[in-house]
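As a plain string of letters, each chain reads:
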Amino acid sequence: MGEVSYAPETEAVGTDAGPYAARWPLRDRLREAVAGCRAYLLIAGMWSRSTLTYRVSFLMTVVGNACMTALDFVTIAIIFGHTRTLGGFTLAETAFLYGSSGVAIGLADLLLGSLDGLGRRVRDGTVDALLVRPVPIFAQVAADRFALRRLGRLTQAAVVLVWSLIRLHVAWTPGRALLLPVMAVSGAAIFGAFYTAGAALQFRAGDAAEVQSSFTHGGGTMTQYPPTLFARELVRGAVFVVPVAFVNWMPALWILGRPEPLGLPGWTGWLSPAVALAVCALAGLAWRAGLRSYRSTGS
Amino acid sequence: MGTQALIRFEDVEKVFQVRRKAGRLRRERHEVRAVDGISFEVPRGEMVGYIGPNGAGKSTSVKMLTGILMPSAGRVTVAGIDPSRERLRLARRIGVVFGQRTTLWWDLPLRDSYELVRRMYRVPDARYRANLDRCVELLDLADLLDVPVRQLSLGQRMRGDIAAALLPDPEVLYLDEPTIGLDVISKAKVRDFLREVNAEHGTTVLLTTHDLTDIEQLCRRVMVIDHGRLVYDGGLAGLHAIGDSERVLVVDFDRELPPVEVDGVRSVRVEGPRQWLRFPASASAAPLVARLAARYPLVDLSVREPAIEDVIGRMCAGSQGL
Ligand SMILES: Nc1ncnc2c1ncn2[C@@H]1O[C@H](COP(=O)(O)OP(=O)(O)OP(=O)(O)O)[C@@H](O)[C@H]1O
Ligand SMILES: [Mg+2]
Chain A
19 MGEVSYAPET EAVGTDAGPY AARWPLRDRL REAVAGCRAY LLIAGMWSRS
69 TLTYRVSFLM TVVGNACMTA LDFVTIAIIF GHTRTLGGFT LAETAFLYGS
119 SGVAIGLADL LLGSLDGLGR RVRDGTVDAL LVRPVPIFAQ VAADRFALRR
169 LGRLTQAAVV LVWSLIRLHV AWTPGRALLL PVMAVSGAAI FGAFYTAGAA
219 LQFRAGDAAE VQSSFTHGGG TMTQYPPTLF ARELVRGAVF VVPVAFVNWM
269 PALWILGRPE PLGLPGWTGW LSPAVALAVC ALAGLAWRAG LRSYRSTGS
Chain B
390 MGTQALIRFE DVEKVFQVRR KAGRLRRERH EVRAVDGISF EVPRGEMVGY
440 IGPNGAGKST SVKMLTGILM PSAGRVTVAG IDPSRERLRL ARRIGVVFGQ
490 RTTLWWDLPL RDSYELVRRM YRVPDARYRA NLDRCVELLD LADLLDVPVR
540 QLSLGQRMRG DIAAALLPDP EVLYLDEPTI GLDVISKAKV RDFLREVNAE
590 HGTTVLLTTH DLTDIEQLCR RVMVIDHGRL VYDGGLAGLH AIGDSERVLV
640 VDFDRELPPV EVDGVRSVRV EGPRQWLRFP ASASAAPLVA RLAARYPLVD
690 LSVREPAIED VIGRMCAGSQ GL
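Each protein sequence line maps, in turn, to chains A and B. Letter 297 of the first sequence, counting from 1, is numbered 315 in our numbering, and no numbers are missing. Letter 216 of the second sequence, counting from 1, is numbered 605 in our numbering, and no numbers are missing.
Hints are computed from structural coordinates only; laboratory data are not their basis. Predicted, not measured: the structure shown is a model, and the values here were computed from it. Each residue gets a CB set at the ideal place from its N, CA and C atoms; glycine is no exception. Check the hints yourself; a few may be wrong.
According to the in silico footprint, chain A covers these stretches of chain B (three or more CB under 8 Å from chain A) [what the hints assert, rightly or not]:
id: 1; region: 508-514
id: 2; region: 652-666
id: 3; region: 670-684
Under 10 Å between C-beta atoms, here's a sample of chain B residues computed to sit facing chain A [claimed, not checked]:
id: 4; residue: Q406
id: 5; residue: P432
id: 6; residue: K452
id: 7; residue: L497
id: 8; residue: D501
id: 9; residue: S502
id: 10; residue: Y563
Let the hints inform the model, and build the full structure from the sequences given.
Take a look at the structure:
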């Protein structure tokens, strides 16, 4: 990640600043972001409507999805049938970690999960069709086949999180209460950055989807469990290299009033939004570079 | 240069770096010069044919005109905009049809695709209604509106695509093989439709095709490219002149004869009593026929015009040195 430069960027694809963009980089960027969100809602709305036409089958997939992910949590519950604590964490605390990790990845998956499909589009040449439309391609790919069924996973994680909040013995200060939503949003943003970076790779290598999914799924599974279960090296990697520790571990430990396993000061829990911002910026640059390297297909 | 030119190509090049297997492990880099120094201008409202053999660089040119690809050298300008720099801004003003693949949403019915187009391009309601009605009528889409795009046949999908490209009233329309896979009736419909759009709205059209009837019926100007270079740019009629083409006189005699020897014609083929005689396209056929009839027992005859395909084929085959 060494050669990343923070020179002013523009919206235009594949080139340096256009004359207009150079004068108002921020305003142009904002305008594109707004246009992107609008397009996202437009396309996602269209897909939702078309899935909702088949109400019964939609409900069944949502429920099926929730059940599938619920099995994860059943595993954890079974473990607690045999032991009172897991790596020093109670059931409620573990559920808190599980729920917060699940909500983060569920949100990212709901909003950006479709980015996975970019590789297929690069291979079959349909990216060209997206590039001739007047809305940012990121929004178009992210909203493509927007799948409301992914709500199943999110709902299940949210239920576990709420349940853990009821059972936890935490003295809720304003700080703790504030960090809770901040953690959810930052966590989702970190996973979203992984999805984005993974998709950026697919501009060059159409089959790079696995790289991304190993990061998100690996990170997602890891952060469902207490950090004390993992080798020190692994936790260190999760803090400093692939910062999944900031999805929930660091802020959650602060909320739970527990020491950080690497001995870092407690306020590092509040670094989550900054870390999220940083990885999103990197992912954005990766996306831009990927798009710039796109060369279309021969036919 | 006039301010009239809507599309401008100035010494445009596009070079692809491709890696090729060479030997078991070694990979060789080499360059494909897909577009190799092309310059032209298209004024607003014109309808031009952009033709040439497979791999000539037509699609690559269209991709540079839409901003999908950045030129390796030279300058592309469309409506005063550099497409690859301001792709999004330009996108609002152009329409593109890729015959090879759809720009519609594969799983959505046509109607929903059009609705998305309307909102993405912010087409005013009244305009949208009018345009959609006209497209539905002229392209025969009424029965297809509720069918998901993936269930449409190639020809139906193509008509759907053309309509989608025209709903936002683009200033420029790029058509990359829009009649591929269309039956005769659909082809005629599409051509009529394009002609009308061009005439009524002054839409500038750049048309790539392998069906030269499209060009003959729609375009007064053609550009022929080959190996990434422009080898002809001018009127359709001029093509024949430049391709020093010949017409063919097919004659039936009352019996088998040795190849005829008459000034101004060349016997190129003999099949029983029938012979094929070539003569310059510029020469008049009547005196030739008179001379033939005077010396040989003529039963029947017909004149074949040179096929434009042949003219272009000959032009491109001999273009290496151009
Ligand atoms: N993305 C790409 N990567 C590498 N080479 C490419 C790419 N796109 C096109 N080419 C090469 O560039 C040349 C021109 O291709 P192009 O698609 O522009 O031809 P065309 O005139 O559209 O041909 P056709 O009539 O077959 O559609 C070909 O030799 C092709 O192999
Ligand atoms: Mg082509």
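Notebook entry, point to check: Which earlier hints can't be squared with this structure?
Noted result: 2, 3, 5
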